[in-house]
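Colleague: The residues making up each chain are set out below.
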Amino acid sequence: MMRQELRLSGSGGQGLILAGIILAEAALHDGKNVVQSQSYGPEARGGASKAEVIISDEIINYPKVNKCDILLCLTKKAYDKYIDSLKPGGMLILDSTVTDRPERDDIKIYSIPILETASKEIGKPMVANIIALGSIYELTKIVNKESLEKAVLNRVPQGTEELNKKALEEGFNLILKHEESTYGEVC
Amino acid sequence: MAEKIVKLMQGNEACVEGAIAAGMRFYAGYPITPSTEIAELSAEKLPRIGGKFIQMEDEIASISAIIGASLTGKKSMTATSGPGFSLKQEGIGYAVAAEVPCVIVNVQRGGPSTGLPTSPAQGDIMQARWGTHGDHSIIALYPSTVREIYDTTIKAFNLSEKYRTPVILLMDEVIGHMREKIEIPDPDEIKIINRKKPNVKPDEYLPYKIEENDMIPAMANFGEGYRYHVTGLIHDETGFPTSNHRIAENLVNRLVNKIKDNADDIVEYEEYLMEDAEQIIVAYGATARSAKSAINQLREEGVKIGLFRPITIWPMAEKQLKIIAKKVNRITVVEMNMGQYFNEVDRVAGKYTKVDKYSRVHGELITPEEIVSFIKEG
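Order-wise, the sequence lines are chains A and B.
Numbering follows my numbering, with no gaps: position 71 of the first sequence is 71.
Just so we're on the same page, my numbering is the position in the second sequence counted from 1, plus 187.
For the record, the hints were derived by calculation from the structure and aren't laboratory data.
Here a beta-carbon is modelled for each residue, glycine too, at the ideal position from N, C-alpha and C.
Do not rely on the hints blindly, as some may be mistaken.
Unchecked claim - Each computed DSSO-like pair below joins lysine-lysine, with the alpha-carbon atoms no more than 27 Å apart:
1. B:LYS349 - B:LYS445
2. A:LYS145 - B:LYS349
3. B:LYS191 - A:LYS145
4. B:LYS194 - A:LYS150
5. B:LYS506 - B:LYS445
6. A:LYS64 - B:LYS563
7. A:LYS77 - A:LYS124
8. A:LYS108 - A:LYS177
9. B:LYS239 - B:LYS378
10. A:LYS166 - B:LYS194
11. A:LYS87 - B:LYS563
12. B:LYS447 - B:LYS349
13. B:LYS232 - A:LYS150
14. B:LYS261 - B:LYS349
Stated by the list, open to error - Here chain B is said to cover these stretches of chain A; the calculated rule only asks that three of the stretch's residues, wherever they fall, bring their Cβ under 8 Å from a Cβ of chain B:
15. 16–26
16. 30–36
17. 62–75
So here's chain B without its partners, still in its complex pose:
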């Protein structure tokens, strides 16, 4: 086996490397701080491997372009930050409804509006979940280290292909811009999932027909002889619009349930020093790193505390949190927003234990010292 490649890499760079390893061959974007390096590196690398990079005129065009590219079979990605993420919501909803796999990276910055362009924030947790209108499900992943950015970007592509859905990769400015040691995995070790292709002839193909015990229709690539209609309107299995109430209800239910019912496959999390923990912190991304440092300090002082770190933010690890909530006497949610994930944790765990929040929106990474003193206050 070849020697492992160990190098110093920036988070945004790891995102591009992971995307290419996952099979990304199309990127369309409108660069914005603090995600710009993702566009720059995609522009540099994709043409060398037979891929395409387009800088579009705006964010809506970018998400539309990656939806179109994905329909031809190319694994596609765009990256942005809060202001651009707002604009992309229309396209994200379209990709949900038309079931087009794609990856949307949001390297968050302080908001609302153009906010604090170069400062970290975690304010787009709920926008990732509910930014686009109507009932729908979404998958959102949240890495915490440069290596994990590489891995979760691959996972984002895999889940988007498997479940035919847009997947959102939420990132922190802190990790997007910092450089850290990363060991690049051997290509043979990387698991790649590709969308399910139809096994019928073009004239027999029904693009939104599902097989029994399956919730994901097979997807043909445009350009391979399979002609079908793609729309954001409620559609039947031919892909053409319908206002049939039964079909409408079935479709929306399937779009939601294909994610919800597969939560066990999608949900990923890390538990740190949880075994004997009497209380825990819930934190994700860069904030979880501060929480780990805080927990190490508190453990030295005899406080039995652990960390539950969601890597999959949506769907939420509800089942796991419920079990934990019954065992511990306090859960503290630490995040760089006004309590967006706290509200969800409280909804799931509040019946069983005390749920507190420590939240800041001052544009700086929460420090371990802040967390230690908040925990000690009780």
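Next comes chain A alone, as it looks inside the complex:
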């Protein structure tokens, strides 16, 4: 596997750093090399927040993500800030609340109701990060499903295992059960 670089962006408090750690641990279970890092702004909540994950079969020397292969944006603010960092041929995963579209035809775009599913289907906005991981998995297969499930359960607070399992399942289903099996064409 070539070096794959992911950037998970949104606002502080959406759990994206935890999502990055979970994804990195899943890749570790797969036996990959992995580096996870995050931006450190002064805000605890609100503001732009991002987590980055590099997954590779090779040794990872340079540990930062500049241009990424996969970009998740849960907010418009994050979209505005990071859209230019997506590589040609890359994958853009937008929450459906972000209605902007970049003027470029060299990327794949998916618009998915991640935040809405968290608050309406599950009734817990805080599981948006886990739903996002489920959808990222179905779109990219960047880690093994078992590894991802194991990593989620390993990191979430005790007593929330079932809730998070459900959130992950919803994330898979957002891709699997969509009529065209993808949101790629909607935009």
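Guided by the hints, dock chain B onto chain A, whose structure is given.
Modeller: For chain B alone, coordinates are given in the frame of chain A:
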């Protein structure tokens, strides 16, 4: 043999795990970004293994506390960043003069002053060497991966015990905060060095007396019946102050030479693709990771280039650099400061080859692309 533990770990966390594996049982500190996780984790872990954690009122108190704890025989550590490192210099000098083993971690951030709290920089290279006043030696180590943070933290404790000196662990924010795969070594594989204890009775003990062919005095723990005087003043072998010129000269010389003369034991470095290299990069810490990526790219284009990566920053690998300098036609020092290590490399290698610097102080890790284009410019 038990199965190896492989996990995702943050650099700052690896520092605490390494310290505990080395035997750290006392931590005093005043938390500061980007080193805070070291204090947090020490606070969490030390009480569970019979150790002590104290959050002190400031940095000077922190270094003073670890010196005191070390005198009782506890392996001790503090962690800080640039602004706190400045304040700790007084205590570091005291530990040098009184020969008290301790480890000071500096997860660097942009300076001067409070600078760029959350951004990486390598601006404390010279402060680690000369931050405290007077002629002295120091040992400073500089890891480049999360696993190496674990290993060099253990090494820092071992060297501090062996040579009775403060050891500085310089770290980059980039590696302190990132998470990476780490394989925790089996405890049996870890080599631990403890300070040399006196083999005389308490009433015969001279705390700063050295044996022939040895430069390190045996160290008794306070609380075990050995009573002695500890001071930052120039002292004789009883530990009491003196202004005798001969004793003063001998003491300062010994403090410097006990490190300098043992450089071969202390100096550690990595050579990467050096065998056929016509030119090399000298880089350490996170910058060395960018340099490796750059070297891999340049090698694909046929450029015969390698990396010399000091893990021991002080004392410097002068002997090795001199040999290399005679073989290559260019050395480029890449660092996130205005050329602090470049000046030292140039001093050692400048007579034999061209020494260039690529330095940035913009608060971001230097990228492989920047290095590639600088090397190509010639």
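Colleague: When the structure is checked against the list of hints, which entries are broken? Sort them ascending.
Modeller: The structure breaks only hint 2.
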